[in-house]
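Fit chain B with the ligands to the supplied structure of chain A, relying on the hints for placement.
Quick mapping for you: the protein sequence lines, in order, are chains A and B. Numbers 223 to 578, taken from this note's numbering, label the letters of the first sequence in order. Numbers 691 to 962, taken from this note's numbering, label the letters of the second sequence in order.
To be clear, the hints were calculated from the coordinates, so they are not data collected in a lab. Glycine included, C-beta positions come from ideal geometry on N, C-alpha and C. Don't take every hint at face value.
[Unchecked claim] Straight line, CA to CA, 20 Å or less: simulated SDA-like cross-link-like pairs of lysine to any residue:
(1) Lys413/A with Leu231/A
(2) Lys920/B with Leu873/B
(3) Lys390/A with Asn403/A
(4) Lys855/B with Leu379/A
(5) Lys413/A with Ser471/A
(6) Lys413/A with Gly388/A
(7) Lys390/A with Ile380/A
(8) Lys830/B with Arg555/A
(9) Lys855/B with Glu431/A
(10) Lys413/A with Phe825/B
(11) Lys390/A with Ser325/A
(12) Lys855/B with Ser559/A
(13) Lys766/B with Asn745/B
(14) Lys413/A with Ser325/A
(15) Lys855/B with Val311/A
(16) Lys390/A with Leu446/A
(17) Lys413/A with Pro826/B
(18) Lys830/B with Glu431/A
(19) Lys920/B with Asp907/B
(20) Lys855/B with Arg428/A
(21) Lys413/A with Asn403/A
(22) Lys413/A with Leu819/B
(23) Lys855/B with Glu557/A
(24) Lys830/B with Leu446/A
(25) Lys766/B with Leu819/B
(26) Lys413/A with Phe818/B
(27) Lys413/A with Glu832/B
(28) Lys830/B with Val535/A
(29) Lys390/A with Thr476/A
(30) Lys920/B with Arg947/B
(31) Lys830/B with Arg550/A
(32) Lys855/B with Arg555/A
(33) Lys390/A with Leu379/A
(34) Lys830/B with Arg226/A
(35) Lys855/B with Thr894/B
(36) Lys855/B with Gly798/B
[To be verified] Taking CB as the label site, the calculated pair distances span:
(37) Lys830/B with Ser559/A: 17 to 27 Å
(38) Gln902/B with Leu504/A: 53 to 63 Å
(39) Leu240/A with Arg833/B: 52 to 62 Å
(40) Asn850/B with Gly554/A: 47 to 57 Å
The residues making up each chain are set out below.
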Amino acid sequence: MFTRETRELLFTFVLFVLLMVGVWLAQRYLNAYLVRIFNTACIYVIAAVAYNLVNGITGQFSLGPNGFMAIGGYTVALLMLPVVQKQEVYFLQPLIWPFNSFSFPPALFIFALLLGGLLAAGGAILIGFPTLRLRGDYLAIATFGFGEIIIVLANNLIPLTNGALGIKGIPEYTNLWWTVNWAFWTVFLVKNLVNSSFGRALKAIREDEVAAEAMGINLFRHKLLAFALSAFFAGVAGGLFVTLISTISPTLFTFSMTFNLLIIIVLGGLGSITGSTITAVLFAFLQELLREVEAPHVIGSWTFPGIPGMRMVVFSAILVILMIFYRRGLFGRQELSWQHVSRILWWGKRAHGGQS
Amino acid sequence: MFLEYCGGGKELMVDNHERILHLENLTIAFGGLLAVNDFSLTIYRGDLVGLIGPNGAGKTTVFNLVSGQYIPTRGKVWFDGREITGLSPDRITALGIARTFQNIRLFGDLSALENVLVSFHVRTSYSFLSPMFCFPRSRKEERRIREEAYSLLEAVGLGNFAREKASSLPYGQQRRLEIARALATHPRLLLLDEPAAGMNPQETRELMEFIQRIRRDFELTIFLIEHDMKVVMGICERVAVMDFGIKIAEGTPSEIRNNPRVIEAYLGAEAQ
Ligand SMILES: Nc1ncnc2c1ncn2[C@@H]1O[C@H](COP(=O)(O)OP(=O)(O)O)[C@@H](O)[C@H]1O
Ligand SMILES: [Mg+2]
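With the rest of the complex left out, here is chain A (with noise of 0.2 Å):
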């Protein structure tokens, strides 16, 4: 009676209410700590969903979703952060005309957070534009490079970033209910987007290029738009990030935040959105306990003094480990879809049947 696409559709919007519900219910019961790392999980989740569609799914090897996490980041403290506090945090060099005489009111975080997504994708079209048209791994230098430069000038605009002394008192806009929903959207859009003509289009890419183009698609076009939209992702993750943890510097977004998102997303299987996004909240949950490895503790009348760097440590050799053993990651470029859920709930009793 229902068309599968109703079908699936409705199961989302269950999904939706759920999480929802959930969101209400943590707000109100969980403590701030673990409300902290669901929070870290959902930007996780947004970044390397975003980061997947050009690596995974387009198969173009970009390193740069830390410098547009960086330019979300940006854009949204400068827009956000009260005149009053901008005024005390840029102490060494005054705020340039127009961010020293006007900042939005609370209302208008979504549009500061849409704003670092555009400029962030407008940076992706920067370097996409000359880079993209090229065979090979320019992409790759380029967005690596990219990002560098990106932390350079945050270091040294001073009157624009305050240089090395980043932005402090950045208000906690960023909850539960905005984490939750930006993520729950971009795993919705993306994946419809990937589902889509345009997505065929993208793998078809990713498995011969000469063939997609002898197929009509145009390349530089289609590469150029995932990589844009997928910075624009990266740039909103930024701006939750910065809002999230109230500062910003230069220290926030460097490689390692793009070495994260590649475990993430090679982890959860290249080409795979749902595996992204299952590996990322994993991800968030397994570098706080790693952190607890870090710190010194306490048992009794022994004083463990913490393993400090270990993080990376476990992370480079999970990755090895990965690449030896589970080359695909836990997906492969299968998705996890309502049919399979749906399998696995209704486990032999078939009871969504053929007939769609």
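Below, chain B with the ligands without anything else, positioned relative to chain A:
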């Protein structure tokens, strides 16, 4: 030369209405090697023309020049009365030329159906935002092209393999899938690069019948490369022969069969 003279004016449009493909002194050099040298050929609407020659003669390179993968060092390509030299492959495909590859180039990880669907993408009329936000328009169109792609697969005898991964199909079916994928771009001219390569005589005969059938059913003009001379003799009305980048002969199969230069080229190649 006569052809060069034609290249400029309106005249060409007038006497061109029957021509579908016109290659004019095509030349391309890779380093010092002239892979294709001063190659001219005219193909008329509805023709089935063969291009034969020993390995390394430059046949595939001619296809790459027509489909836009390579840009000629010198010379011009005309399609349907319009010059297409230097256009990108996707533009040329959109104008109505589709091709297959000598070394099969399917989208290995996608299903047979998806491989065909990729070719429908350029003619979808909605923007990328429409499917993202589940607009009904993109859904309707998706359903339509799925049906069309499926019936195309059935037409080439791959209906039962629609959900199969392309890379897991047997060799002969991969070749057919490549042809189906090319047909899905709605071409008027189809370029087939050694479609019978690696097939046994029985399969080859079936394939040649299949090619004649799609020519009729889809009202195609077909330009076909084959390095085994015997294969094309049966089905082509006209054959061009290449050796060392140069066209050494052109004519009906029986003319070609008795041409001393052709015999020499093939004997020479076999003697190597
Ligand atoms: N991209 C290229 N770069 C360098 N040499 C090439 C290139 N493409 C083709 N060639 C050369 O051009 C010649 C003709 O090749 P090709 O057209 O593939 O021959 P055929 O299809 O007739 O067997 C060969 O000597 C080949 O090595
Ligand atoms: Mg060849």
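Status of each hint after checking the structure:
| no. | hint | result |
| --- | --- | --- |
| 1 | Lys413/A with Leu231/A | 12 Å, holds |
| 2 | Lys920/B with Leu873/B | 26 Å, violated |
| 3 | Lys390/A with Asn403/A | 26 Å, violated |
| 4 | Lys855/B with Leu379/A | 52 Å, violated |
| 5 | Lys413/A with Ser471/A | 32 Å, violated |
| 6 | Lys413/A with Gly388/A | 35 Å, violated |
| 7 | Lys390/A with Ile380/A | 14 Å, holds |
| 8 | Lys830/B with Arg555/A | 26 Å, violated |
| 9 | Lys855/B with Glu431/A | 18 Å, holds |
| 10 | Lys413/A with Phe825/B | 14 Å, holds |
| 11 | Lys390/A with Ser325/A | 15 Å, holds |
| 12 | Lys855/B with Ser559/A | 18 Å, holds |
| 13 | Lys766/B with Asn745/B | 24 Å, violated |
| 14 | Lys413/A with Ser325/A | 34 Å, violated |
| 15 | Lys855/B with Val311/A | 58 Å, violated |
| 16 | Lys390/A with Leu446/A | 34 Å, violated |
| 17 | Lys413/A with Pro826/B | 16 Å, holds |
| 18 | Lys830/B with Glu431/A | 28 Å, violated |
| 19 | Lys920/B with Asp907/B | 25 Å, violated |
| 20 | Lys855/B with Arg428/A | 15 Å, holds |
| 21 | Lys413/A with Asn403/A | 15 Å, holds |
| 22 | Lys413/A with Leu819/B | 12 Å, holds |
| 23 | Lys855/B with Glu557/A | 15 Å, holds |
| 24 | Lys830/B with Leu446/A | 27 Å, violated |
| 25 | Lys766/B with Leu819/B | 39 Å, violated |
| 26 | Lys413/A with Phe818/B | 12 Å, holds |
| 27 | Lys413/A with Glu832/B | 15 Å, holds |
| 28 | Lys830/B with Val535/A | 50 Å, violated |
| 29 | Lys390/A with Thr476/A | 18 Å, holds |
| 30 | Lys920/B with Arg947/B | 9 Å, holds |
| 31 | Lys830/B with Arg550/A | 34 Å, violated |
| 32 | Lys855/B with Arg555/A | 13 Å, holds |
| 33 | Lys390/A with Leu379/A | 16 Å, holds |
| 34 | Lys830/B with Arg226/A | 13 Å, holds |
| 35 | Lys855/B with Thr894/B | 24 Å, violated |
| 36 | Lys855/B with Gly798/B | 7 Å, holds |
| 37 | Lys830/B with Ser559/A: 17 to 27 Å | 21 Å, holds |
| 38 | Gln902/B with Leu504/A: 53 to 63 Å | 57 Å, holds |
| 39 | Leu240/A with Arg833/B: 52 to 62 Å | 29 Å, violated |
| 40 | Asn850/B with Gly554/A: 47 to 57 Å | 25 Å, violated |
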